[in-house]
Amino acid sequence: MQRMACSFPDEVLEHVFSFVQCDNDRNAISTVCKSWYKIERWSRRRVFVGNCYAISPDMVIRRFPDVRSIELKGKPHFADFNLVPDGWGGYVAPWISAMAAAYPWLEEIRLKRMVITDENLELISKSFKNFKVLVLSSCEGFSTDGLAAIAANCRSYLHCRNLRELDLRESEVEDLSGHWLKHFPDDYTSLVSLNIACLGCEVSFSALERLVGRCPNLRTLRLNRAVPLDKLANLLRRAPQLVELGTGAYSSELRPDVFSNLSGAFSGCKELKSLSGFWDVVPGYLPAVYPICCRLTTLNLSYATIQSPDLIKLVGQCQNLQRLWVLDYIEDAGLDAVAASCKDLRELRVFPSDPYGPEPNVPLTEQGLVSISEGCSKLQSVLYFCRQMSNAALMTIARNRPNMTRFRLCIIEPGTPDYLTLQPLDVGFGAIVEHCKDLQRLSLSGLLTDLVFEYIGTYAKKLEMLSVAFAGESDLGLHHVLSGCEKLRKLEIRDCPFGDKALLANAAKLETMRSLWMSSCSVTFGACKLLGQKMPRLNVEVIDERGTPDSRPESCPIDKLYIYRTVAGSRFDMPGFVWTIDEDSAMRLS
Amino acid sequence: MAFDKELNLEATELRLGLPGTKESEKQPTIAIKSNKRALPNFNEESCGSKENSNASHLIQKRDQEIASPAKAQVVGWPPVRSYRKNCLQLKKMEAEAAGMYVKVSMDGAPYLRKIDLKVYKGYPELLKALEEMFKFSAGEYSEREGYNGSEFVPTYEDKDGDWMLVGDVPWDMFLCSCKRLRIMKGSEAKGLGCAV
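Protein chains in written order, with this note's numbering: chain A, 30 to 619; chain B, 1303 to 1498.
The shape of chain A in the complex, shown without the other chains (with noise of 0.2 Å):
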C-alpha cells in the first residue's frame, strides 16, 4: 500500500495538487499521507488566516515555506460599530518582518481590519520583487506617506515589480495629503484596479488623469468624493474600457454643456458593469447614467441622498442588476419598483438614512422586502434596516425564498416586538432558519426570547455566523445555538442576559469555533477563570475598560469577553485593559 501512494513521481503529484485550489480541499490533500503532506506543504501558494491570533507568522512560514498570496483578518466583527476599544490588537508589523525575510516572492497581500502602519507599507514596498496586489479593508494606523511608498516602489525594471491592485476599502487613512498620487512613476502602466473611495482630501487631479490615461488594463476606479463632476467626464473618456467605476460627488450646478460630456462619456463605457459614489447627488445629473443602466449589475446608492421617485427611475431601467445597495430613501414604493424590474437581483442591501432619530423618516417597512422577496427569484443575500416588522412577513419572506444564504435583519429599536400582534417576533425568525435550509449567515434583532434560539438551534443547521443583539431570556438561548448550530464557526453577542452555564457545558463546542463576542451579558469573571485554565487551546480575553476584574466581586459581570480558538498561545502584545488567564491559573497581565 506504500508503495502505491509512493508510486508517482513527486513533480506528477505537484501538477495534479496544482488543480487544487480551495482551502479545505488542500487541507484535506495534507492528511493523506506524509508523502502527500510534504509536496502539498511546498506547493501551497495562496494561505488565508481568519483570525491573526490563531497561529504565529513563523508557524504559517515553517509550514508553507513558499507563499505568494496571503490574507489576515485581524479585529472581531464588532469592531465595525466601535464595540473594541482602540488599541486592542490586530497589528500587522510581526507578519510583514516575516515576511520580508522569507517570502521574497510574495505577490498579494490582503489585510481585513488589521492595524497597518506607514513604516509597514514602506517594509512592504521594499520587500517583495513582484509584488503585486494590495488590499486593506476595514483597515488603520496608516496614512497618505505609506501610500507614497507604495507608489514610488511599484515599478522595478531589476525585478519587474508590478503593482497592480491598490485597493483601499473602508478603511481610516490619515490624509496628510493628495501628492502621494504623484510618486507613481511616469513609466508605470500595469494598474489594473484602483480604489481610494476612503480618502477625504483631494488627490491631485491632473496626476490621477495622467495616470489613468497610462494604464491600458484598468478595470476598476473607484474615486473618493473630492473628485468633482466635472472632471469624471474627462477620466471616463481616458478609460473607456473601465468595468467598475465609483464616481466622486455628483453634484454640480446643472448645465447642458456638461450634462452631455458626462452623457457621452458615460456612453462610450462599454463594459462597465458596477457604478458605486454618488456622495451629494443632484437628480437632475442621474441621466447621464441612463445609457449604461442595462448593462450594470452592481449599483451601490448608500450615499444617494435622493428620494424615491428618481431612485425608481434609475434602478426601473437597470434589469441586470444584482446586486443593489440604496438608502431606505427608496421607500417601499421604490422597492416595488425593483422586484418588478430587477428579475436577476441576488443581493439587496437597505441603509437607514436617518439611524437614530426617533420616528420613520420614510415610507419603509417590512413590506418592501416582502416585494423583493417575491419579485426577485434569485435573491440570497439580505441586509434591510427598518423600523417594524411583523411574523406574518417574515414568515411569507421564508416561504418565497428559500434559497436566502444570508439573512441580516436589523430592526432599529432594540426589542421592537411584531408589531401587528405585539408578540415576539420569535416564529418569523423561526420561519427564516427552517425553510432557508442553506443559510449561513443570520443576524437578529426585534422581540425575542429564548424560544427563537431553540429554533436556530434546531434547523440552522448550515449556519457558520450568527450575530444576536438585544435579545432571549435565560442561558437556554445561548446553549441551544451553542448545542445545536453544527457548522457555526463565528457568534458575535451583545446585551442579552446569557451567564456562565451555557458558556461552560459548551466549552469543548468552543475550540470547533473561529470566535466568540460576548459583551454587555452576564458572564462572571470567574467563569473566565475557569475556562481559561481548562482550554488551553483557547485565548480568553477579557476586555474591560473598568480597571482589574479582579477589582470587583467575582460575580460581577464583566464587560466584554472575547474567546477564539489558537495554536499560538497568549499573545504578546495585549494592551491594559485585555486580561487573559492561562493554564497554571496565574492572571496574566499583558
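Careful, some of the hints might be misleading.
Not close to chain B: a few residues of chain A, all C-beta gaps over 10 Å, as computed [stated by the list, open to error]:
id	residue
1	GLU43
2	TRP71
3	GLU148
4	LYS161
5	ASN182
6	GLU231
7	PRO245
8	VAL311
9	GLY345
10	GLN351
11	HIS464
12	TYR484
13	ARG523
Heads up, simulated BS3-like pairs for lysine-lysine below, C-alpha to C-alpha not over 30 Å straight-line [claimed, not checked]:
id	chain 1	residue 1	chain 2	residue 2
14	B	LYS1430	A	LYS342
15	A	LYS260	B	LYS1420
16	B	LYS1387	A	LYS302
17	B	LYS1437	A	LYS342
It should be emphasised that the hints constitute simulated quantities derived from the structure, not laboratory data. All values reported here derive from a predicted model rather than from experimental measurement. Backbone N, C-alpha and C fix where the C-beta goes; we use that ideal spot for every residue, glycine too.
Starting from the structure of chain A, add chain B where the hints point.
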C-alpha cells in the same frame, strides 16, 4: 397619574403577556439589572412612579420615552459603520445649516420676507406657505394657463435674470435656479399666463 386612573388605561395597556394574565407572573426581560451598559430605556430602576417593575411595560415605557426629545444613544447601535454615519450626518448638518434662503417680495407690500426653500418638499407646500405669509390666494395652477382665478401670481428670478412662472419646471430644477421670488399683481402678470 390621576389622568391614568380616570381613563383606566390598564384595559388598553400594551404588554407582552396574554390578555387576562396577571402581571405578577414572570415576564421576559431584555436587559440585566447589574449591567452597567444597559439602555436607559430598559433600566427597570428608572421606572419611576410605576408600581410594576417588570419588563412587561417595556413597550409602554418606550412609547412614553419616544415623546421625550433626546434619547440616549447606545454604543454601536444601530450597527451602522462610522463612515456611513459621518456621511449622512454631514449631509444633514449641511442642509440644516446652509438652508436655501431667498427673498420674497410682494407687489404693494412695504417690506420683503425671506424663506428657506429647502424646508418645502414641493410646489404645493411652497405655495401654501406663501399664501399664508402674504395673505393671498394663488389660485389653480395649470401648465397651459398658469394660475387661474387669482389677482396674484407667484414668479421667480432665475439664474439668467429672467422672471419665470413658479411651477413650470421640476421642483429640483426650480431649487437650483431660483434666486428670488416675487408675487406679482395680476395686472402686471398679464402675459405670464395669468387668466384674470
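**Prompt:** A/GLN351 clear of chain B by more than 10 Å, beta carbon to beta carbon?
**Reply:** 22 Å, holds
**Message:** Would the non-interface assignment of A/HIS464 survive a Cβ cutoff of 10 Å against chain B?
**Reply:** Check passes; 25 Å lies beyond 10 Å.
**A/ARG523 non-interfacial with respect to chain B [C-beta, more than 10 Å]** = 7 Å, violated
**Asked** Does the claim that A/GLU43 lies outside the interface with chain B hold up, using a Cβ gap greater than 10 Å?
**Response** 43 Å, holds
**Item:** Pairwise hint evaluation, A/LYS342 against B/LYS1430, where the allowed Cα distance is 30 Å at most
**Value:** With Cα atoms ~28 Å apart, B/LYS1430 and A/LYS342 stay inside 30 Å; holds.
**Pair hint A/LYS260 and B/LYS1420, alpha-carbon separation not exceeding 30 Å** = Status holds; Cα separation ~27 Å.
**Prompt:** Any Cβ of chain B at or closer than 10 Å to A/TYR484, or is the non-interface label fine?
**Reply:** 16 Å, holds
**Consistency of the no-contact label for A/GLY345, given chain B and a CB cut of 10 Å** = 17 Å, holds
**A/GLU231 remote from chain B - nearest C-beta pair above 10 Å** = Its Cβ never comes within 10 Å of chain B, the nearest being 16 Å, so this holds.
**Asked** Taking 10 Å as the cut and beta carbons as the points, is A/TRP71 off the interface with chain B?
**Response** 41 Å, holds
**Prompt:** Would you say A/VAL311 is clear of chain B, with no C-beta pair closer than or equal to 10 Å?
**Reply:** 7 Å, violated
**Request:** Examine each Cβ of chain B, and state whether all of them lie more than 10 Å from the Cβ of A/PRO245.
**Result:** The claim stands: A/PRO245 keeps its Cβ more than 10 Å from every Cβ of chain B (closest is about 32 Å).
In terms of the numbered hints stated before, the structure departs from hints 8, 13, 17, listed from lowest to highest.
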